[in-house]
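Asker: Take the sequences, apply the hints, and build the full model.
Read off the chains here:
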Amino acid sequence: MKPQSHPFQPIRRMPAVLIAVPNNDNEAQVTNTIIEAKGLKRSFKAKGAKGKTIDAVRGIDLSVREGEIVGFLGPNGAGKTTTLKMLCTLLKPTDGSATVVGADLRRDPVEVRRRIGYVSQAGSTSPEARVGQEIVSHARLYGIDKQVAIQRGKELLAALDLGEIWDRTCGSLSGGQRRRLDIVMGLVHQPRLVFLDEPSTGLDPQSRANLWNHIRKLRDELGTTVFLTTHYMDEADSLSDRILIIDHGTIVAEGTPTELKKRVSGDTITLTLRSEADATWASQIAGRLQGADAPATEAHVVRFHVPDGATALPVLLGDLTKAGIDAIGVDVNRPTLDDVFLTLTGRSLRD
Amino acid sequence: MSFVRDTWIIFERSMLLALRQPEWVVIGLMQPVLYLTLFGPLLQTIAATSGFEGDAWQVFVPGLLVQLGIFGGLFVGFGIIAEWRSGVIDRQLVSPASRAAIITGRTLRDVVVILVQAIVLVGAAFFMGLRVPAGALLIGLVLVALLGAAFSFISNAIGMATKSEDALAPIANTLALPILLLSGILLPMTLAPAWLQVVANFNPFKHIVEALRAVFLGHFSDPIVWIGLLLAVVLVVIGAWVGSRVLTAQTK
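Keeping their order, the protein sequence lines are chains V and H. Letter by letter, the first sequence follows residues 120 to 470 of the working numbering. Letter by letter, the second sequence follows residues 185 to 436 of the working numbering.
Read the hints as simulated data drawn from the structure, not as lab findings. Not one of these hints is a red herring.
The calculated lysine-lysine pairs, modelled on DSS-like cross-linking and capped at a C-alpha distance of 27 Å, are:
| # | chain 1 | residue 1 | chain 2 | residue 2 |
| --- | --- | --- | --- | --- |
| 1 | V | K380 | V | K336 |
| 2 | V | K166 | H | K347 |
| 3 | V | K211 | H | K347 |
| 4 | H | K347 | V | K164 |
| 5 | V | K169 | H | K436 |
| 6 | H | K436 | V | K211 |
| 7 | V | K211 | V | K160 |
| 8 | V | K160 | H | K436 |
| 9 | V | K211 | V | K164 |
| 10 | H | K436 | V | K164 |
| 11 | V | K171 | V | K160 |
| 12 | H | K347 | V | K160 |
| 13 | H | K436 | V | K157 |
| 14 | V | K171 | H | K347 |
| 15 | V | K171 | H | K436 |
Answerer: In structure tokens, the structure reads:
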């Protein structure tokens with residue numbers, strides 16, 4: 120309940136008692152699932168070709184538990200933003216169903232809108248507008264009282280280290296500040312679930328790290344569930360409790376970052392040698408290592424996987440020395456989400 | 185009612201933004217004054233010789249007012265495209281706000297801006313010699329507001345439907361030119377050959393201009409007055425309907 124300064128408080132309370140309006144904020148969630156989507160699908164009419172459709176999202180199932188940070192990872196054009204826009208009511212699903220914060224996405228999109236926050240990659244404020252006015256105006260669209268909106272807006276700005284920008288124009292903020300302001304806008308009505316679309320795109324490395332800290336804080340301190348899309352694996356890796364990997368409109372894998380990386384067969388060892396002849400020799404030696412897969416040779420470079428790079432390396436170097444081969448470079452890489460993606464789809468996320 | 189409340193919230197925000205750009209407000213105010221001072225004197229001689237009834241100001245100011253309503257509204261779509269680019273429109277679409285309110289609030293802002301310009305225009309015309317009954321000025325302002333609303337709805341709708349300045353500019357110009365040429369705003373259609381007069385009769389704006397000219401001459405009971413007002417109201421209804429539909433279609 121918002122603070123009441125009205126002298127007739129008891130009378131105002133009466134109808135609520137009589138009608139017994141359920142308070143959505145305190146509604147006990149039996150399953151603790153905040154998003155449950157089944158067969159969500161979206162096709163677009165292809166431009167030019169009549170009657171042809173493009174399936175941007177081909178019937179995906181996903182569920183998100185309350186309090187999670189879920190990363191939706193995939194290359195550009197994989198269907199991330201389309202899925203996000205469907206869950207945010209900005210696009211109608213062609214087929215399938217979803218419940219978002221207890222409201223039915225297709226039957227009651229307005230109720231979904233009341234309960235979620237959405238932070239678009241395009242931003243949320245006009246450059247000429249003043250920060251405070253944008254926040255208050257947005258909050259009022261959710262039926263929030265002006266005074267409450269001012270107080271909440273200032274608290275949120277402070278929480279995101281944007282203390283003194285209330286009277287500044289949005290266009291005068293730095294990229295990182297503006298993105299955090301977008302998050303404030305998305306949180307001003309205190310949603311339990313917030314969607315972030317490519318939150319760190321276009322930010323410099325420092326602002327990114329800072330933004331990530333704030334997103335984590337959001338969940339840790341406010342308990343807000345965060346669903347974010349990204350095509351940066353480092354972002355998905357360092358932020359998400361759980362990752363959904365999407366490619367060509369379907370979810371191809373799901374799990375914690377660690378679980379997903381275990382799917383890739385071990386560490387990658389990359390050897391650089393003096394000549395192609397040496398490389399051929401070295402690849403034969405490497406292939407005999409315990410647990411190694413078939414090495415791939417490219418000119419002077421040999422690349423292969425072993426279950427544990429740290430223990431395999433001394434053995435490998437010893438064998439190479441015995442054979443009289445001089446490696447001029449050695450690299451051991453722990454698996455990244457990009458390797459996971461490569462293993463799953465045969466393509467790199469970077470492509 | 186949430187439509188009224190949301191419209192007010194959107195209007196208030198847009199109005200504050202409009203006031204924040206004083207250079208734009210000044211340019212908007214300058215335009216009608218420039219028309220009066222640089223074009224009005226030319227009309228003095230034409231009004232005396234051509235088929236116009238009444239003095240130059242009674243003929244010329246109604247045309248300028250109608251033109252202000254049309255052109256004041258027709259190009260506002262550029263603003264909504266810019267707002268869409270900066271994510272403001274999606275941000276409002278993702279809120280529970282009424283879809284119709286998102287466009288109506290902006291259109292109301294445009295109407296206020298156009299009305300202020302119209303009042304400046306009429307005030308300047310008074311100093312230059314316009315003498316008409318107060319009721320005529322009131323009807324003039326109502327007509328300008330209705331036309332401004334209709335064209336602002338349409339322009340915002342085209343802006344949101346195309347999301348491209350490159351598309352909006354030619355569409356707006358294509359609409360504006362025949363409307364202007366066939367309305368008798370600058371010259372009386374009585375000067376036109378018969379076939380052109382027939383064509384012009386299909387242009388609602390010709391009748392709206394005639395309605396306002398009749399009012400400026402004090403002919404309040406002329407049926408053309410009601411026809412003109414009715415046409416303007418119909419245009420607003422069409423604009424509002426199209427505008428709301430386009431906004432609703434944004435989340436389809």
